[in-house]
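K.L.:
Please arrange chain B on chain A, whose structure you already have, making use of the hints.
Take a look at the letters that make up each chain.
There are 2 protein chains.
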Amino acid sequence: MGTRTVFIISDRTGITAEMLSHSLLTQFPGIEFDYRILPFVDDEAKIAAAKQQIDDDAKENGVKPIVFTTLVNDNLRYLLFEANGEFFDFFDRYIAPLERELKQTSSHRVGESHSMSDAKKYTSRIAAVNFSVHCDDGLHPGDYERADVILTGVSRSGKTPTSLYLALHFGIFAANYPITDDELEASTLPKILQPFRDKVYGLTIDPVRLQQIRSERRANSAYSELSQCRYEVGQVEQIYLAEGLPNLNATVMSIEEISATIIQDLALNREIF
Amino acid sequence: MGTRTVFIISDRTGITAEMLSHSLLTQFPGIEFDYRILPFVDDEAKIAAAKQQIDDDAKENGVKPIVFTTLVNDNLRYLLFEANGEFFDFFDRYIAPLERELKQTSSHRVGESHSMSDAKKYTSRIAAVNFSVHCDDGLHPGDYERADVILTGVSRSGKTPTSLYLALHFGIFAANYPITDDELEASTLPKILQPFRDKVYGLTIDPVRLQQIRSERRANSAYSELSQCRYEVGQVEQIYLAEGLPNLNATVMSIEEISATIIQDLALNREIF
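Going down the list, the sequences are from chains A and B. Per numbering that gives the first Met the number 0: the first sequence = residues 0 to 272. Per numbering that gives the first Met the number 0: the second sequence = residues 0 to 272.
Everything labelled a hint here was simulated from the structure, so no lab data went into it. One or more hints might be untrue.
Put simply, identical chains are the same to the list, so a pair is met inside one copy or across any two.
[Stated by the list, open to error] In silico BS3-like pairs for lysine-lysine, Cα to Cα no more than 27 Å straight-line: (1) Lys45 <-> Lys198; (2) Lys190 <-> Lys120; (3) Lys50 <-> Lys102; (4) Lys198 <-> Lys119; (5) Lys63 <-> Lys50; (6) Lys63 <-> Lys102; (7) Lys45 <-> Lys190; (8) Lys119 <-> Lys190; (9) Lys58 <-> Lys102; (10) Lys190 <-> Lys63; (11) Lys45 <-> Lys63.
Remember, it's a predicted structure, so these values are computed and weren't measured experimentally.
So that you can see chain A by itself, here it is in the shape it has in the complex (with noise of 0.2 Å):
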């Protein structure tokens, strides 16, 4: 089928466009769509050259652009619906039947989510980012009070880019504690983990996932030996079994859904940014 130019066109920063067409977009696997994300149009400047851009497009593809929207302002976007593309606003499609269940009007104020409208969220989705860092990798145990969650595992399950995500996307304070090789031989949950054990939670990954994503970083070791994953996996799921502690196989989940998935089974609370 070829390819399709997709433009993501919004009067913010157009992420959430964007993972939306994405989600839309991935229902259909037999073609191949160039993304354009065109974030902060919003005046009738950026409106003309975003225009200009599709009906280019247009022209020379011979089929008119994928066009999807987030314009909150209903004169720009009527504008821009002037151009050869085809149009799918977000807005325009959800705000009307709102409005009429909500019995309001809506603000039509540019720029209200992913914004710093509420500060004092906004400090506290900081304060975990900052916290996430300061807690990566075992360290700081002793602020291991302030953490929502403990995430534990070998090294390279996923548990750094899994602790960012849950603080970054949801305000969540995400310690993560790699358990050690003296630690794997005990059989039980290491000492600095047992005072937190209620909010640990294990990390599990396939033993041959694991043997590739060591060795990319550290080829032909011990650390990266299939012998050494196995034993090391074999012995934190025993760990895990032994203590009776929520874990989660997460080899062929994105962090998107190991996040989802350790807030649903610890019921954590979070926020929306």
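P.N.:
What follows is chain B alone, placed relative to chain A:
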């Protein structure tokens, strides 16, 4: 207007649906929304449980809850629609027009976005996160060759959360380097950054806001004195000006807004996950 319950029901993480509903509902500032997020609702039993929650809520509050859904499976979606809610499905409204426009039926496969379906892209995302943690706060400048962008600025001007967001969300290799007191005195770009000036991006911040942030961290210290904040911000802005560095005053901007601006200003390549 009081509080209105909002359900977000997804067959996967619900993160996309959550972001879009948050974007939409922040347009109704008079109403407080009580979010109930139900991810991984992917079989009939879970749909039945979700239906029950919706019906119970409608009964309790005397008004239908708002229900945002992203359910790929038509059968599950229509089952859920029998509940006593006001439904907004993000797939339903867009998939049919997209199928017409793209002349292809959609795959109806669950979890294509936020998934590991593209392993190579996914590995590069994790590598970006590891790089950003590895090169946080001036660590490992010997690895700046691999950076896509090096954020700089005074302490607490937003470098760390922004670097991590760029890595996690866009797969960008983002380092960050805090300009120290000695380097501020010199009024030129720190030596360590000079070979990489094409990828250096400066953050700045209002000194009063900086003082607030620093006070939360270390109150009543020289570090958090307004005069010190004013001095540092003045010096750093002078460096940006003298060196002609791209820079941004991030005082009232969210992490998303800062990140999207940097990507635009430096025309960085980025992925969509």
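K.L.:
If the cut is 27 Å between Cα atoms, do Lys198 and Lys119 qualify within a copy, between copies, both or neither?
P.N.:
Classified as within: same-chain Cα gap 25 Å, cross-chain 32 Å, threshold 27 Å.
K.L.:
Is it within a copy, between copies, both, or neither that the alpha carbon of Lys45 lies no farther than 27 Å from that of Lys190?
P.N.:
The answer is neither: 59 Å in one copy and 38 Å across copies each exceed 27 Å.
K.L.:
How would you label the pair Lys119, Lys190 (within, between, both, or neither) given a Cα cut-off of 27 Å?
P.N.:
Classified as neither: same-chain Cα gap 35 Å, cross-chain 37 Å, threshold 27 Å.
K.L.:
Is the C-alpha distance from Lys63 to Lys50 at most 27 Å within one copy, between copies, in both cases, or in neither?
P.N.:
within (12 Å within a copy, 40 Å between copies)
K.L.:
What label fits Lys190 with Lys120 when the C-alpha limit is 27 Å: within, between, both, or neither?
P.N.:
neither (34 Å within a copy, 38 Å between copies)
K.L.:
Is it within, between, both or neither when you check Lys45 against Lys198 at 27 Å Cα-Cα?
P.N.:
between (49 Å within a copy, 26 Å between copies)
K.L.:
Under a CA distance limit of 27 Å, which applies to Lys58 and Lys102: within one copy, between copies, both, or neither?
P.N.:
Result: close only across copies, 20 Å inter versus 43 Å intra.
K.L.:
Pop the pair Lys190 and Lys63 into one bin, within, between, both or neither, using alpha-carbon distances up to 27 Å.
P.N.:
neither (62 Å within a copy, 49 Å between copies)
K.L.:
If the cutoff is 27 Å on CA atoms, where do Lys63 and Lys102 land: within, between, both or neither? Let me know, please.
P.N.:
This pair counts as between: shortest inter-copy Cα distance 13 Å, intra-copy 37 Å.
K.L.:
Checking Lys50 and Lys102: alpha-carbon separation at most 27 Å within a copy, between copies, both or neither?
P.N.:
between (34 Å within a copy, 24 Å between copies)
K.L.:
Is it within, between, both or neither when you check Lys45 against Lys63 at 27 Å Cα-Cα?
P.N.:
within (20 Å within a copy, 40 Å between copies)
The structure fails hints 2, 7, 8, 10 (numbered hints given earlier, in ascending order).
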